[in-house]
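Engineer: Please work from the sequences and hints to get the whole structure.
The sequence shown begins at 0 in numbering that gives the first Met the number 0 and counts up by one.
Take these hints with a grain of salt, some might be off.
[As the list claims (entries may be wrong)] Ranges of calculated distance between the beta carbons of each label pair, as one might list FRET restraints:
#1 Thr92 to Val125: 20 to 30 Å
#2 Gly93 to Met70: 33 to 43 Å
#3 Asp89 to Leu126: 11 to 21 Å
#4 Val53 to Gly93: 20 to 30 Å
#5 Met0 to Thr92: 38 to 48 Å
#6 Glu71 to Met91: 34 to 44 Å
[Stated by the list, open to error] Below, in silico cross-link-like pairs of lysine-lysine (DSBU-like), each with a Cα-Cα straight-line distance of 35 Å or less:
#7 Lys68 to Lys15
#8 Lys59 to Lys15
#9 Lys15 to Lys39
Hints listed in this document are in silico derivations from the structure and should not be mistaken for laboratory results. Backbone N, C-alpha and C define an ideal beta-carbon position, used for all residues, glycine too.
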Amino acid sequence: MEKERFQVEYPINSSKGVLFNCMSTPSGLSEWFCDDVNIKKDVHTFIWDGSEEVAKLVTKKKDEYVKFKWMESEEDDNDGTYFELRIRVDEMTGERAIIVTDFAEEDDIEDARELWVAQLDRLRRVLGG
Numbered sequence: 000m001e002k003e004r005f006q007v008e009y010p011i012n013s014s015k016g017v018l019f020n021c022m023s024t025p026s027g028l029s030e031w032f033c034d035d036v037n038i039k040k041d042v043h044t045f046i047w048d049g050s051e052e053v054a055k056l057v058t059k060k061k062d063e064y065v066k067f068k069w070m071e072s073e074e075d076d077n078d079g080t081y082f083e084l085r086i087r088v089d090e091m092t093g094e095r096a097i098i099v100t101d102f103a104e105e106d107d108i109e110d111a112r113e114l115w116v117a118q119l120d121r122l123r124r125v126l127g128g
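Structural biologist: Right, here's the structure in full:
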C-alpha cells in the first residue's frame, strides 16, 4: 500500500534556537522524541523502549528545519517518503509552530497524527510550556 503525505502543525512558545536544538541534537531529541539517539555521521539510531529505528539526516538548515529518511529497507529507500520538522514563525504575530511532515498508509494517518501530537506535547512540557 502506498504511503500518503500528511502534516501536523503544533504551536509552541520557544525561541527558534532552542527549538532547533531540540530537533537536531542527540540531547534535544532524547528529551522528547525518543529515549536515546546515537549518531554516526548522518545516520541516527533512535531508541524507544529497547527497540531501534535508523534514519539518515537528509538535510537541515540552522534554526529552520531538519529532514530525515527512515532506513527500514531498500524498498523504502526509494519510495520518496521522509519526515521533516520545520519551525514556522508567523510574521504578523511572531508566534512559532513546529510543522511535521510525515508519511503513512491511509489507514494509519490518524494514528500517526496522534503520535506526533503526543510527542510534541512532550516537547512543550520539556520546554516549560
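Engineer: A separate judgement is required for each hint: does it hold in the structure or not?
Structural biologist: Tested hints:
At roughly 23 Å, the beta-carbon separation of Thr92 and Val125 lies within the given 20 to 30 Å, and the hint holds. Look at Gly93 against Met70: about 37 Å separates their beta carbons, and that is inside 33 to 43 Å. Between Asp89 and Leu126 the beta carbons are some 18 Å apart, a value that agrees with the proposed interval 11 to 21 Å. For the hinted restraint 20 to 30 Å between Val53 and Gly93, the CB-CB distance of approximately 37 Å leaves it violated.
Range check, Met0 to Thr92: about 40 Å between beta-carbon atoms, so the 38 to 48 Å window is met. For Glu71 paired with Met91, a C-beta distance near 40 Å keeps the hint of 34 to 44 Å intact. Between Lys68 and Lys15 the alpha-carbon distance is near 23 Å, which keeps this suggested pair within the 35 Å criterion. With a C-alpha separation of about 14 Å, the suggested pair Lys59 and Lys15 falls inside the 35 Å cut-off, and the hint holds.
A hinted pair counts as satisfied when its Cα atoms are at most 35 Å apart, and Lys15 with Lys39 qualifies at roughly 25 Å.
Going down the numbered hints, you'll see the structure goes against just number 4.
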